[in-house]
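Asks: So the chains spell out like this:
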Amino acid sequence: MTRYIIRRLLGLIPTLLGVTIVIFLLMRLIPGDPAVAMLGEHAAKDNVERIREQLGLNRPLFLDKEALEQGDVQGFFDSQYIRYLGRLMRGDLGASIHRRIPIANELKQRFPATAELAMCSMILAVIVGVPAGIISAARRNSIWDAISTISSLIGVSMPIFWLGLMLMMLFAVTWDWLPIGSRLDHSIELDNKTNFFIIDSILSGNWEALWDVFKHLFMPVVALATIPMAIIARMTRSSMLDVLQEDYVRTAHAKGLRERVVLLRHALKNAFLPIITIIGLQTGSLLAGAILTETIFAWPGIGKWVYDAILARDYPVVQGGTLLIALVFVAVNLLVDISYAFLDPRIQYE
Amino acid sequence: MTETTREQTILADLAVREHRSLWGDAWRRLISGNTSRIGIAIVVFFILTAVLAHFFWEYNPRIDLDYSLKLKPPNLQKTEEIPSIHPFGTDKLGRDIFRRVVHGGWNSLRVGLVAVGISLSIGGLFGLLAGFYESMPLGRTSRAVLSGLVGLGLGALSGWVAGQSFQAGLFCALGVATVVLDDVLADKPPLRMLLFGGVGLLLGGAPALLVSSATAAICAVCGLFIGAVVAFKLDGPLISTIIMRIMDIILVFPGILLAIAIVAMLGPGLDKGMIAIGVVGIPVYARLVRASVLSVIQEEYITAALSVGVGQGRILFRHILPNSLSPVIVQSTMGLAGAILSAAALGFLGLGAIPPEPEWGSILGDSYKYMTTGAWWAMLFPGLAIMLSVLVFNLLGDGLRDALDPKLRV
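These protein sequences, in sequence, are chains A and B. Just so we're aligned: the first sequence equals residues 1 to 350 in my numbering. Just so we're aligned: the second sequence equals residues 1001 to 1410 in my numbering.
Hints are supplied without guarantee of correctness; some may be wrong.
What follows is a set of in silico ranges between Cβ atoms, one per label pair, in the way DEER data are often shown [unchecked claim]:
#, chain 1, residue 1, chain 2, residue 2, range
1, A, I21, B, V1044, 39 to 47 Å
2, A, K269, B, G1374, 47 to 55 Å
3, B, D1235, A, H253, 32 to 40 Å
4, B, S1121, A, K269, 38 to 46 Å
5, A, L327, B, S1121, 28 to 36 Å
6, A, L203, B, A1217, 55 to 63 Å
Beyond 12 Å from chain A on every Cβ pair, some chain B residues (computed) [said to hold, decoys possible]:
#, residue
7, N1075
8, T1079
9, G1236
10, G1361
Because the hints were derived from the structure by calculation, they are not lab data. By construction, the Cβ of each residue, glycine as well, lies at the ideal position given by its N, Cα and C atoms.
Excised from the complex, chain B in its bound form (with noise of 0.2 Å):
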């Protein structure tokens, strides 16, 4: 009998071991810590009853109404005088609370999920292309393309204030006289943009001369402006500065603000609600997947990728999108808790669910009304399911950046 080695043993191992994935090791690793398993089960639980409430426990908000029963207490067992068992409680309408804040959670969690879902793919989609064409140079024909788009956005307002469209045109075609003529003064800046401003100025203002001389000098000048941008070399990292400006602008104002803002202008509604939240969490989400995109865009295989020759495309969804997923997925489930929580505050201002649908917000913002007649149940519980929802799923996203990178800690 040969006398096996440690090494052996271990090349053994190795041989027979199952295979293992990068996504099958995060997910043993989250269900390994105490915490995060409470928080898996808690989510699903939560899920669970309110899929459960809504597809198997009827529920008609609108013939929802006993007066009989205004304002009970809670209780657990029937007496005479409430025939009922009400576990929150009755609200001022006679509504059973606990049957309210089970078909609420329908309401909230799908609201969270829909709005993490616009602000994700917008967002994200937008931090993806801004943090990869920060340190990509486009293609020569890409610049075309966009140097044409720049071209008819804004010629489209000279031919506006003409009355004449085909300038859009016309300018579209002077973005892309830029690109090929690429070598123009090419050392000399200035002179090219007042070449290019020169051409600008004569485009729009001429066919201008038609209408008024006013409007001529208008669109002259407006011209000259355009020539002048597009002389620029319009490359990536113009659109990634772009980008990120119009994320900065968003980011500025307070996000329950800009929700109200927007709601006001929608309407009053759970979907406008989404809208609002979803519109809100954009520039989060660009500017997380930016940052995580121009880290994994310095690693060593995205240079290998391209020194053999792989396409921008798939570079970008083949190799830097799934390298920087795990920032995102830990973003998303925080923000989900995010989102319930600016959904609750929507709903308790009045501008969330139309009552008398339930939502945990509204039926909080119900209950606010007749605070002084003392009825604390009205306010602890839908209260109490926000925050337990919100806290869950804060607790799966701690979960979660443990399990998919230890090194990110917040």
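Isolated chain A, as found in the complex (with noise of 0.2 Å):
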């Protein structure tokens, strides 16, 4: 198992160095120059060049030749990209170019917003979605199953921009009951010991603040649980069908056991893989950033800042931000696998 572990950790490596070299890459050939984007259009020449040298975008992107034919060795790496490793490699991520916040720093305060704003969505979308599966499956072909079918394909189907306007629309604008645009009122005081806005208000006893939370979480967080909730009533119902064809929940409908304890502890317990699977996947996904609902909602998550930053050409905003987001995302899935290997004793790794 440790070995495995180690394996996959080891074989991460190349694949984010590439995704280190794909997202440098991509931001370089974005047209437009930081230095110019920071200091206007009409910005002297020679300010302009200042800039670009204090923020290293002068030299080449990965191998300098010029350097190499005078002799300097040292020079030929000196490059862009090979300065980002570097940094990197030391743990540092640079700070905004347009805002001069180290992103170490941001990410402190951001991060924390999106994982809230993931974790609330993914539980409100295993609580509602594990059981209409079941209820689904149990049932199967009655009201309740047609409602829970169609209900989770319009789910799937959801735009959630769509939806997170529709529920603006309602809430804040027509009835004028929650509101939008941050993720508590500014009237009132937290002490953030954890930027988790939840936990820091429970911390601190500040009820006020928590329901101020819990309002301002509200939209966002049914906008993002729509579709995982979809998706895993969706898992649920067909992993649930497969199961109860099988001979053992005969067998323990002809004991005589309640049928609740047959649906929950013989028929579930066994289903669960797949649900495991699409779970762990989902929060991957949600975790990585909700761009779309992010910027909906005005919510200060990753998902926001990495977009405004790719707009504005905040080279090392979007840098530190995507490698994040793709280690989570890698992160999440190495669990799930792992995850395996516990709740189904017969898939040994080695």
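Since each chain comes alone in its own frame, lean on the hints to assemble the complex.
Replies: Put into structure tokens, the structure is as follows:
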């Protein structure tokens, strides 16, 4: 098991290196100069040049051939990409070009925002999706099955930006019940220890803040949870249907066990592997930045941050943010794979 | 009179029964279900309205503007105030939303179709190759070509560093030579790597000495590395691994983020959006096709074909490809739904169609900006169009899955 994990972790290195190259190249290929974007279009040439030098943008992308021709081997390797890799090895993600804030600091604010949103959405998706799938499978072809199947079909087809807009139209514009545009009302003071506002407000016993956090979370969470909820419900239904045909389920029924025990202890337990896979993969992609949801609700998370940075040619932010997103995604995938061995004793890694 | 037995009836039945192909059967199964019938009907309806509107209902978005009709709610009857009928209302510029949604369908559906076409053709080819070569040994000639190409590609780096492009040719030859000299030290891989690495060191370093000693040092290290790489037996599984590794890298990015970055690179526009969404979808199809090929390749008819000496290309395209199609067809239909959704998302973010060109996502993105005016109709109908079209393609995909392979159930 340990060997398997180590091998998987080693296998990640080339993938992540590839990710850094792809994102580095993509960003450099986007037309537009960050120095010009910073200073404005009418800035003096000298100033632009100075900023470019400060940011290291005057260096070649990968290798400097001119330096080598002058016999300067160190200069040959002194390129934008290798400098970036070197900083990365030392754990330095750099600073935002536009806002001059170190990326690591901003990540401490932004990642909890995204994680809080994603975890709440996932909890909602699981507590609605799994029971809906179980009921659907247990009462196959009943009216409940029809309702659950149709709503999950609508759910997987939902453009979440549209759902978000309609929620906003209803709850914020027409009825003015819920706030939009931040994580907490400005008038409420909260002691930020972890930057997870739910945890913070519980830790400090600030119930007014907790209520407000939930009010802010409600619409983005519903919008973000819709698709995973529908996917989980569909997966649970089909996986349960498979298992319910097994002989041991019939035996359990024949023994006269109560339906609930058969469904939950015998069937669900065995149907859970594909469900866990889907939950894991969906968590990964939610944590990886809910760009659309965050943009619509102006949620100060990773997704919106990276999106804004792409449009503003803020190279370090895009590089740092994307690398983090990729890391999270890969880590969750690995965890899902490892969890198989615990959930199903027949699966063994070597 | 002789009495016909049951067996005779069945035999007679078989004799007169019309020939039914595999696809014919699948089609019959598909249209036997109610849900897939609804799916097909609405898909056809959407496609027809989009195509007919594009060709027969003239619309010029550039001159469509009427401030006197600004933000009118939907009406189905002419009144004094609103002299024309707008079933979906009008937007901030007084444009009829119904008209824009119908015309937007042409753009939205087209983006979805082209994007899936791009992902399917490129991803499918990669998947086919990866799956095939994972379990098929390469012929000696193919291996020589492969090693030569690897040498050429890597050698280009050394050639670029030293400014001597002929170095790429030298390394290409070295690659071919490793295959020709297959038996040399074949049982002692480290020594073999050392031998070819040494040759590479000379090939890279010696010509570069003419430039400068620093260049020569770098080229020599480069050459050592290239020599060691081509000394490995470059075989089928390696191709497969390389292809799938590249796919993994694309897959690690969240789709919409990569699409945004690609559109930012290419510039806005509907065609750029198609490319972006298409590229993002490549690994999905590559993985699917590979998995499908890997399961087909173990079938007995492939072994049979191999043993009677059918060529690899013929096996790949005549035997494996047709038999691994059904999951691909299902995925493409559902992928179409996903691509329409992603296209709308890009349009919504202002990275798709260039205004005033109508496209569902960008119409929605437009109305988002004046949401506070309470014009719900400007958001409801374009969004409904997106949702419905995605829904029916998903429905169709479900139906196709059951029709093509009842065992496949997700």
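Asks: Confirm or reject each hint.
Replies: Results for each hint:
1. I21(A) x V1044(B): 39 to 47 Å: With Cβ atoms ~45 Å apart, the hint holds.
2. K269(A) x G1374(B): 47 to 55 Å: The hint (47 to 55 Å, Cβ to Cβ) holds, given that K269(A) and G1374(B) are roughly 50 Å apart.
3. D1235(B) x H253(A): 32 to 40 Å: violated (53 Å)
4. S1121(B) x K269(A): 38 to 46 Å: holds (43 Å)
5. L327(A) x S1121(B): 28 to 36 Å: Check passed, 32 Å falls within 28 to 36 Å.
6. L203(A) x A1217(B): 55 to 63 Å: holds (59 Å)
7. N1075: holds (20 Å)
8. T1079: About 25 Å separates T1079(B) from the closest Cβ of chain A, which puts it past 12 Å; holds.
9. G1236: Non-interface label on G1236(B) holds, nearest chain A Cβ at 20 Å vs cutoff 12 Å.
10. G1361: violated (8 Å)
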